[in-house]
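Given the coordinates of chain F, assemble chain S onto it according to the supplied hints.
There are 2 protein chains.
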Amino acid sequence: MRVRVPPPAPLLFFRKVLREGKIDSYMIKGRWIGEATMKIIHTPREMQKTAQQIRREGKTISFVPTMGCLHEGHLSLIQIAHEKAAVVAASIFVNPAQFGPNEDLEGYPRDFEHDEQLCRETGVDLLFYPTPENMYLEEHSVWVNEESLSNVLCGTSRPGHFRGVCTVVAKLLNIVLPDFMVLGEKDAQQLRVLRRMVRDLNFPVAVVSGPTVREADGLAMSSRNKYLSPAERAEAVCLFRALETARELFSAGERSADRIRGAMRAVIEKTSGRVDYIELVDNETLEPVQIMRKPVLAALAVRFSGARLIDNIVLQ
Amino acid sequence: MRVRVPPPAPLLFFRKVLREGKIDSYMIKGRWIGEATMKIIHTPREMQKTAQQIRREGKTISFVPTMGCLHEGHLSLIQIAHEKAAVVAASIFVNPAQFGPNEDLEGYPRDFEHDEQLCRETGVDLLFYPTPENMYLEEHSVWVNEESLSNVLCGTSRPGHFRGVCTVVAKLLNIVLPDFMVLGEKDAQQLRVLRRMVRDLNFPVAVVSGPTVREADGLAMSSRNKYLSPAERAEAVCLFRALETARELFSAGERSADRIRGAMRAVIEKTSGRVDYIELVDNETLEPVQIMRKPVLAALAVRFSGARLIDNIVLQ
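Residue numbers (numbering that gives the first Met the number 0), protein chains in the order written: chain F, 0 to 315; chain S, 0 to 315.
Next comes chain F alone, as it looks inside the complex (with noise of 0.2 Å):
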C-alpha cells in the first residue's frame, strides 16, 4: 500500500508503519519515501560536487548534521529539514576534533547500518558519510574558534571542544552548501555558538532549530544514554526534574538565580550524579545572571559513572 502524506507529514508516525510492514512507501513532496533513492555519499569532493549539482537545478537543500546513533531526536529535525527544502541531505560523522583527549572519542557509539535505515526511512536525499581521514587531511591547520559563547558551560568542562565543532560545521556548511542547517535545542550552547559562527563568518545558511524530545519520564534523548546502567538509566530523569523545578520556581515568581540553583542542585544531589555544572545565563550572551529580568537559558551538565548528560531549557 502506498500512502500520499501532506507536508508537514508526521514522518515518525509513517516511518512506523512503513517499518513494520503496513505500508510500502509514502509520500511527501512528490516523493515516495521506503524506496531505494537515498544516495550515500563517502568524499567531501562527491558531496560538494552533488550539492553544487542540485543548486544549479535551483533546489533548495537542508542539512542536519549528526555523529550518528540516531534518535527521535535527529528524527525530528530531519522532519524539519523536509519542511523548510526541496533536498534533505544528512551527515554522520563522529568528529574527532571535538573530543578532548580523555574524552569518549573510541566509545562513542557508532551503528551505521541502524542510522541508514532511519535515513532511509524518514525520507533522507542525501546522506554525508565520511571518514576522518577524508575530512582532515594529515596537514590539516585551520580552525575556527568561537571566543565568546564557547568560555562558559560545557566549555569550561571541554576546552577546545567548541572549536571542534566550529571547524567541522564551517566544512560541512562549505561541503553540502545548505540553504538551511536544522540543529537541535538540546545542545543549547552548540546552538548558539553556530548561530554566532554563521552570523560572524556571513555563511549564506539559515539556522533553524527543532526542540528536545524527550523519553516518557522527561530523559532528554541523546545517544550517551546508552552509556548508563539500568540504575544510572532511572536516576537520569534528575536533570530534568531540576530544569523542571527552576520552571516552577521562576514560574511562581522567583528571579534569584543562586535560589534556583540551589533547588538544581538539591535535586540532582539526591543520586549518584555529580554536578559538572548547573548555570543560569543569558538566553543571548550566556552570561552568568544574578537576577533573572531577560529570558534566562537553565542548564546542567551531570556525570553519571557511564556518561556525562546535559539538558537545558529557557526561562522567560
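The set of hints was computed from the structure by calculation and includes no laboratory data. Among the hints, a few may not be true.
Each pair may be met inside one copy or between any two copies, as identical chains are not told apart.
Stated by the list, open to error - Taking lysine-lysine and the DSS-like style, the derived pairs with C-alpha atoms no more than 27 Å apart in a straight line are: (1) LYS225 to LYS269; (2) LYS269 to LYS38; (3) LYS293 to LYS185.
Predicted model, so just to flag it, every value in this text is computed and none were measured.
Here is chain S on its own, set in the frame of chain F:
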C-alpha cells in the same frame, strides 16, 4: 569609437586608451566596458543576495579581494578574473582585523574615487565596498586561524595578521560566493595561508594566483610604496636586487641557504633599509631549509622609515 577585444584581452592597454579618450568603450566577452554597468554594493547582505541571484542564473563569479588603493598589480588580477568567469567581483575593504595595534591602519592609503574609476575601466561588474561596522558586528567573536604556515615570515613580525586575513577572506568568500578567487603572488605567504584555508575548510572556490607586477626598476608594486620618501623609493629596489642575487647564485649551482641569505643581506645593508627577515623556506610547508633540494621560496621584508616592504621569488 568602440573596439571589440577577443579574450584574454590586454585590459591594461585598453584601459589606458579608454582613459586617454582614444576609444569610448571596448567589448570583452560580449560586454561593453567603459559604460556605466558596474554595480557598487555596500552591505554584506545585498552582496550575498546579488551573488546568489547570479549563481541561480547559472553564471560563474570570479573575485579579487583588495584593500583598495589599486595599482597595476591589482588590475592584472582583475584581468585574470575576466579570463576565468562570466562575472567579475572585486572588494575594497581595509580590514582592521589584520592590522596590529602599532601598525598603519589609520594611515593606510585610501582613494575610493580613483579605485572606482579603475574598476569601471577594467570591467569589474560588482564592486563590494562595505564599512567596518557592516563587516564586524559589535559582538563579533568568531575567528579563523591558520596555525602552521602563519607562524613564520610575516607571521612573526605581525602577530594576529593572518588571523585577520583568514577571517575576513572567509567572510568575503561567504558573501561574494565566487567560483574563483584571484590573489597576487607578491603576498606569497598570504597566498599559501589562504590556499590552506580554502582546502582545510572545504570552501567551494578555486584559488588562482597572478604574478607580481613590478615597476620599471624591479620594485614590486604595492600600495605602501606611496609611503616612501624619494630617497627611500630609489633605495627600495634593493629587495628586488637581493632576490635577483639569490636567483643568480641559485642558477650558478649554490644550494646553501645560509650563503644565499648572506648575499641577500649584504645587498640590503648597503641601504637605509633595516632587514625584518630574509628567509629561504620550503615553497609548500614554509619550513626553513638549509640545503635547497626542493623548490624554495626566497622571501624578505625590509623596513624603511616610511614603510615595511615585502617581496619574494620561488627558486626551483
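- First find the shortest C-alpha distance between LYS269 and LYS38 inside one copy, then the shortest across copies, and answer within, between, both or neither for a cut-off of 27 Å. neither (48 Å within a copy, 66 Å between copies)
- Is the C-alpha distance from LYS225 to LYS269 at most 27 Å within one copy, between copies, in both cases, or in neither? Within one copy only: 22 Å inside, 72 Å across.
- Query: Given a CA cutoff of 27 Å, do LYS293 and LYS185 count as a within-copy pair, a between-copy pair, both, or neither?
  - Reply: within (20 Å within a copy, 52 Å between copies)
Comparing the model with each numbered hint stated earlier shows that hint 2 is the single one that does not hold.
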